[in-house]
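Trainee: So the chains spell out like this:
There are 4 protein chains.
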Amino acid sequence: MSGCPYFQRKFVSTSKQNLKEDESDDSQTGINKASKGGLIYGDYLQLDKIVTSQVLQSELKGNKIHDEHLFIVTHQAYELWFKQVLWELDSVREIFISGHVRDERNMLKVNTRIHRIVMIFRLLLDQFAVLETMTALDFYDFREYLSPASGFQSLQFRLLENKIGVPHNQRVPYNRRHYRDNFRDQESEHLLQSEQEPTLLQLVEQWLERTPGLEEDGFNFWGKLETNIFEWLRREKEKLEQKPASEMKEEMMAELIKQRDIFLSLFDEKRHDHLVSTGQRRMSYKALQGALMIYFYREEPRFQVPFQLLTSLMDIDTLMTKWRYNHVCMVHRMIGSKDGTGGSSGYQYLRSTVSDRYKVFVDLFNLATFLVPREWVPKLDPSEHTFLYMAECCDSSYCSSSDDSD
Amino acid sequence: MSGCPYFQRKFVSTSKQNLKEDESDDSQTGINKASKGGLIYGDYLQLDKIVTSQVLQSELKGNKIHDEHLFIVTHQAYELWFKQVLWELDSVREIFISGHVRDERNMLKVNTRIHRIVMIFRLLLDQFAVLETMTALDFYDFREYLSPASGFQSLQFRLLENKIGVPHNQRVPYNRRHYRDNFRDQESEHLLQSEQEPTLLQLVEQWLERTPGLEEDGFNFWGKLETNIFEWLRREKEKLEQKPASEMKEEMMAELIKQRDIFLSLFDEKRHDHLVSTGQRRMSYKALQGALMIYFYREEPRFQVPFQLLTSLMDIDTLMTKWRYNHVCMVHRMIGSKDGTGGSSGYQYLRSTVSDRYKVFVDLFNLATFLVPREWVPKLDPSEHTFLYMAECCDSSYCSSSDDSD
Amino acid sequence: MSGCPYFQRKFVSTSKQNLKEDESDDSQTGINKASKGGLIYGDYLQLDKIVTSQVLQSELKGNKIHDEHLFIVTHQAYELWFKQVLWELDSVREIFISGHVRDERNMLKVNTRIHRIVMIFRLLLDQFAVLETMTALDFYDFREYLSPASGFQSLQFRLLENKIGVPHNQRVPYNRRHYRDNFRDQESEHLLQSEQEPTLLQLVEQWLERTPGLEEDGFNFWGKLETNIFEWLRREKEKLEQKPASEMKEEMMAELIKQRDIFLSLFDEKRHDHLVSTGQRRMSYKALQGALMIYFYREEPRFQVPFQLLTSLMDIDTLMTKWRYNHVCMVHRMIGSKDGTGGSSGYQYLRSTVSDRYKVFVDLFNLATFLVPREWVPKLDPSEHTFLYMAECCDSSYCSSSDDSD
Amino acid sequence: MSGCPYFQRKFVSTSKQNLKEDESDDSQTGINKASKGGLIYGDYLQLDKIVTSQVLQSELKGNKIHDEHLFIVTHQAYELWFKQVLWELDSVREIFISGHVRDERNMLKVNTRIHRIVMIFRLLLDQFAVLETMTALDFYDFREYLSPASGFQSLQFRLLENKIGVPHNQRVPYNRRHYRDNFRDQESEHLLQSEQEPTLLQLVEQWLERTPGLEEDGFNFWGKLETNIFEWLRREKEKLEQKPASEMKEEMMAELIKQRDIFLSLFDEKRHDHLVSTGQRRMSYKALQGALMIYFYREEPRFQVPFQLLTSLMDIDTLMTKWRYNHVCMVHRMIGSKDGTGGSSGYQYLRSTVSDRYKVFVDLFNLATFLVPREWVPKLDPSEHTFLYMAECCDSSYCSSSDDSD
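Protein chains in written order, with the UniProt record's numbering: chain A, 1 to 406; chain B, 1 to 406; chain C, 1 to 406; chain D, 1 to 406.
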């Protein structure tokens, strides 16, 4: 933000620092220093470290290749942004873990930060275009010097995947080894630990399970929905049966039966559990119900912000998968696919990660299969309305302002 | 590039290293180490420095504000990319300074690297969208801690401006001081030095002055062009005079006279020098001629790549000015304009930099005023053709392959 | 969406159509037709019109210029998207005008559609990059054929400006004429009418005036805020006075007085009205209060979605101003600035529109000047909390589901 | 380009029109009309057709759904840009077909237009973000009305694929039918015809086969390269054999043998022909040699522009494949994947098109597998240099200026 003046409200500076009595003396010193210079842009950003960390292997080996600098800077920029994504991700997980999310006021933070991750991933997609100004031939000139370093070793990216909820038991092995075994001991430890913490997926799952309206002795969304859907399908069948026989009628009847099967599967908890066990579904049955409830009642004030959250979570999933795909395309360009000559496992490895098994919020996408016409969505009556509107009040037992730094 | 395998051609590694006999022993050690691990991604990128340089002032002052992390990372990412832009810029200037550009083979490098700068600036424009996920209210929570640091103090950005050719005598003062006086001694020195080196503008100017075809005793482009243009305008006038009197005729005659004045100014060297002295033009008269020659004959094989270069230079100018404008927009949003209450000089300062006086290649844009119909562009006859085609041969007295690392 | 199967749920088609009894016969016919082919992609999109509307003036004049096709298609794409922006804008204005916005459930629609406008403008900024593949020289080859047509004559863009709230009395004249006099009678009429309809600015203003919490006999936000701010500044002054005399103390005292003046102006309704009369502020005093209230209490569930709306409105303003600036840059490149030779008024005209007087939601930006530390924002006590949470219930006198097609 | 003045050079208008004597009278009329208004923006762009072609099926069926408008406009924008891509593609193919490409001056046009296609596809990728503001639930409200229309039926996209060179025998069937059978007779005819015209791939292939330097009785690039590569590998082997036995040595020897096999395959024409027959390679053996020659000598003035062309062709391939992948992601989001319940073939169909068999210039990517260190690239001696530099002269038997409208 070159030229940005950061608004020099020195006197406020004093005031706030005085609020913290134990450091009032220091703060005065601080002010005096500031008047003679004080905090300086480059020191604040630690640019002495940031812009001096570009050491070219090719230069060390006596054959400096111009483009290696771009290669380094691009990867460092990726890592800087991964750091930021982890920062946002950890803060959101913390809000969920600490139960602060029960205070609906924290939903703004959750949404803003998740949305920020979305914006960062969009930038990271655009960033490929810069690295792609380097051709395969430019890369060839120095790629040997980098051996055996590999982008697979990006600790932050693996952490990020783990914390969002990429399932470790579905990970494609790399170099024929468990993914963690490609890291140093300390890093491997770090990764193991991240596997054991609650993932964003799990935290969202628990939150979805608490969606108001799911209670069987309350609004009983799931029960009402099941009744409505099968009544709807029954009527469709009736209408269809009254039509004169025709090829079209046959087709439509077949379609209707297929549709019925799909919905039968939706209300079949055992089938759900089976799909979970095979990794085709990732959330609990209850959480799925919560998500569908939010979908259908997204316009209720209580559900507008939750609906945005679900949308952003799908954005993240989509962007991560696009990131992987763009990466595959770039690697293909840089090192070829070995043309079936049995070469690089790198390209094949990367291609294998562009699959639904790396998708975390796949259930949110697949719910699109289970939509029903608006007129068959169970109606909210005034008492339910109230219930929904009041819900946050019930949760809001907070008095003091929440900690901004969570 | 997570997962990218960098193509492990270990044996080639050996071969090339052996070419450098003085370090053959080391290289073997290198290889042995590699087999037990060797170069590691995180070490290569010095991530221990890159991802540990985010120290929040708000946290130091005992009031950690979540969003300050984004503020730091965004600025660090800008500085990383500024480093890369400087890297490309210096290498291009070096090719020009050393005279390597006379070997036309180096034009590919020049063009590729200038185009890379274009791509980086495009990314930097997109990057604003990430910082804009922080609202004025979020910024307010920590902006006092940053005082008096200012983005104006970005050394790299000022260097970049100087090296491209932003004229220092046209710089808007900052904090009522000469721009250099806002920096520490060593940095100020660095800036002064950059002012004294040849700028990209000057180097391009010299290169344009050498454009083949400008020689008065040769193709004499400028002389031929002047003749053609005034013959064209004379004929237009003749035709117009033969038309019956009408309001339209009057209008067109007035327009024609205006047009003639514009072209008279083009061939008036004194007027050119005057415009240079006031800063409205930046290039020599001869360089301007070269640029227009390249414009008109851009399809000649000899001029295709030079034409791309001129286009990219305009891209850089445009992107830098857009970058400044986006910056102004963001600062307005973050700290307001003070609403005429006489507050922040920051917003006003920034607005003043979004003007043509910070444009470096403004002459290339303004040449659009001096275009003529294709049929009035002086024809190349076969001997000139040959001349143009052969030109690079004349220059190419090189034998050894040029240094790749320039 | 090549290949997208649009999910052929034929039987549902039947069901819904049967709900509308008066056309049940037609619907059957419709189905039969569908089975033999039915709706076809190209017919649906009227591609016979869309992709046959590219008529090159240069070709009509016997001198076909390849790049004119790009020029036409780009402008048509702009107009298509302007149509979409108007569609969203009109629907949002309708929700406000009809009072449907009092049903908080409609806020999701409002926000989604305003956000969609933001996304469209982002695309339109990217779109310049395509037209910029045409150089000034390519444009020169056909631009004479287009005379005197001018992009100024884009009816949809002028409508869009009017409906958002660009003030017509601040419009820069074009061709020395009132902007409407550059249009045909029917279009001019259309524009005049759009000036007389409520603008998005006015509708948002009225909505902000109703912000709960502003009531003087209720929470009395404005009164409480004034008290707090001056108490805060008084304490700052006290603290400052106790410090030993120093240059720094003088500076800080001066800064404090300046700050106090800024806040005095905030609570000075007469001054506000004066700024409105000069066009420096655009919203009513009450609306400004509402906006600041939403800023300060943005984390309250009731205010999260309104806060997003204010943010998106600023996005639109910023994007429109960036669009104008990018446009200026492109025109500079295409036709030059005439280099002070008194030529094209076009470039000068466009530059004059890139100013704050074309900004619509400028007040929302400038509120950033009036922020205060969190601890001085008036506290909500439990009764106010309830008030805020319940507010939407009070408004929600609706029973039937709102019309989706508004 | 709202506000763009198109530079009203009326008198030039006259002049040029007078050049065409047969219409001198008309031109005068034209001018008079112009003075009273003349060409108008909206008429020029045929906006009466463009912005009135949005007819909502949902509205026709009595249930107007707001978001269908976005759906229509987005698809129309895609089709507009496809038209432009076809325009550029046809003009480039025409330059190749007519042999104009032998005049090297036309390479600027070829490159500019191919690069423009790249920029358009980048925009089309960004355009998904706008349509993604519509959720699955919004789409559900009207998707039934669109049945059975399908984006697969985009004639222009299929033409575009055919003209670039997507092999029809590798096309995935759609709806269990040959892809052409999903179109109306006239369209199907059009598609069949496009299959029979020379594709961009074939034209580039022929052009590559003519790369100067390939002649066996001349520079004999291929022969020299084969000699060099195997000499290089032989020396590597020798060096390796001198090292003491170790696990590392074994590994490197294995790697070396693998590498040798890869290069053996490169010089094995029969193997090449086999790969062509299975669709793994797409270009002739000779064309492959030309491409590799351009890669290795890309800095030679003669090859700089050709090298850019090859790079842009890979860009197009990559962007088309990314477009397909983004499309898959969006469809997954809009209609789900049917969760293994055997539903939509649409998602599965689309996924199957994101594969290397739809890649056209796959050979250009895979050449990255066959790079060699710079010191082993056959040297050009002065006579070859001259040869390379002079080559264009030999081709340039043109005298008259080439047709701009090709």
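A portion of the hints provided could be inaccurate.
Claimed, not checked - Mimicking BS3-like on lysine-lysine, the simulated pairs with C-alpha atoms at most 27 Å apart in a straight line are:
(1) B/286 / B/224
(2) A/49 / B/61
(3) D/379 / A/64
(4) B/49 / B/64
(5) C/239 / C/249
(6) B/243 / A/64
(7) C/270 / B/243
(8) C/258 / B/239
(9) C/258 / B/61
(10) B/49 / A/49
(11) C/379 / B/64
(12) C/239 / B/61
(13) A/49 / A/61
(14) A/237 / D/61
(15) C/258 / C/270
(16) D/286 / D/379
(17) D/239 / D/249
(18) A/61 / D/379
(19) B/239 / B/224
(20) B/286 / B/258
(21) B/61 / C/270
(22) A/61 / D/61
No wet-lab data here; the hints were simulated from the structure.
Trainee: Take the hints in turn and mark each one as holding or not.
Mentor: Okay, the hints, checked on the actual structure:
As the CA atoms of residue 286 of chain B and residue 224 of chain B are separated by approximately 15 Å, the hinted pair is consistent with the 27 Å bound. For the hint pairing residue 49 of chain A with residue 61 of chain B, the CA-to-CA distance comes to about 22 Å; that is within 27 Å, so the pair holds. About 22 Å separates the Cα atoms of residue 379 of chain D and residue 64 of chain A, which keeps this hinted pair within 27 Å; it holds. A C-alpha spacing of about 22 Å is found between residue 49 of chain B and residue 64 of chain B, which places the hinted pair at or below 27 Å, so the restraint holds.
A threshold of 27 Å between alpha carbons decides the hint, and for residue 239 of chain C with residue 249 of chain C the separation of about 11 Å falls inside it, so the pair holds. With a C-alpha separation of about 70 Å, the suggested pairing of residue 243 of chain B with residue 64 of chain A is violated against the 27 Å cut-off. Between residue 270 of chain C and residue 243 of chain B, the direct Cα distance comes to roughly 63 Å. Violation of the 27 Å bound is thereby established for this hinted pair. Restraint check for residue 258 of chain C and residue 239 of chain B: the C-alpha separation of about 68 Å exceeds 27 Å, so the hint is violated.
A threshold of 27 Å between alpha carbons decides the hint, and for residue 258 of chain C with residue 61 of chain B the separation of about 26 Å falls inside it, so the pair holds. Between residue 49 of chain B and residue 49 of chain A, the direct Cα distance comes to roughly 6 Å. Compliance with the 27 Å bound is thereby established for this hinted pair. Distance check on the hinted pair: residue 379 of chain C and residue 64 of chain B sit about 22 Å apart at the alpha-carbon level, within 27 Å; holds. About 19 Å separates the Cα atoms of residue 239 of chain C and residue 61 of chain B, which keeps this hinted pair within 27 Å; it holds.
For the suggested pair residue 49 of chain A and residue 61 of chain A, the alpha carbons sit about 23 Å apart, so the restraint of at most 27 Å is met. Under the criterion of a C-alpha separation no larger than 27 Å, the hint pairing residue 237 of chain A with residue 61 of chain D is consistent with the structure, at around 22 Å. The hinted pair formed by residue 258 of chain C and residue 270 of chain C meets the criterion: a straight-line CA distance of about 19 Å does not exceed 27 Å. Using a Cα cut-off of 27 Å, the hinted pair residue 286 of chain D and residue 379 of chain D holds, with the two alpha carbons roughly 20 Å apart.
The straight-line distance between the Cα atoms of residue 239 of chain D and residue 249 of chain D is roughly 11 Å, inside the 27 Å bound, and the hint therefore holds. Between residue 61 of chain A and residue 379 of chain D the alpha-carbon distance is near 25 Å, which keeps this suggested pair within the 27 Å criterion. Straight-line distance between C-alpha atoms of residue 239 of chain B and residue 224 of chain B comes to about 23 Å, which keeps the hinted pair within the 27 Å bound. Simply put, residue 286 of chain B and residue 258 of chain B have alpha-carbon atoms about 25 Å apart, close enough for the 27 Å limit, and the pair holds.
This hinted pair does not check out: residue 61 of chain B and residue 270 of chain C have alpha carbons roughly 40 Å apart, beyond 27 Å. Distance hint between residue 61 of chain A and residue 61 of chain D is unfulfilled; the C-alpha atoms sit about 72 Å from each other, more than 27 Å.
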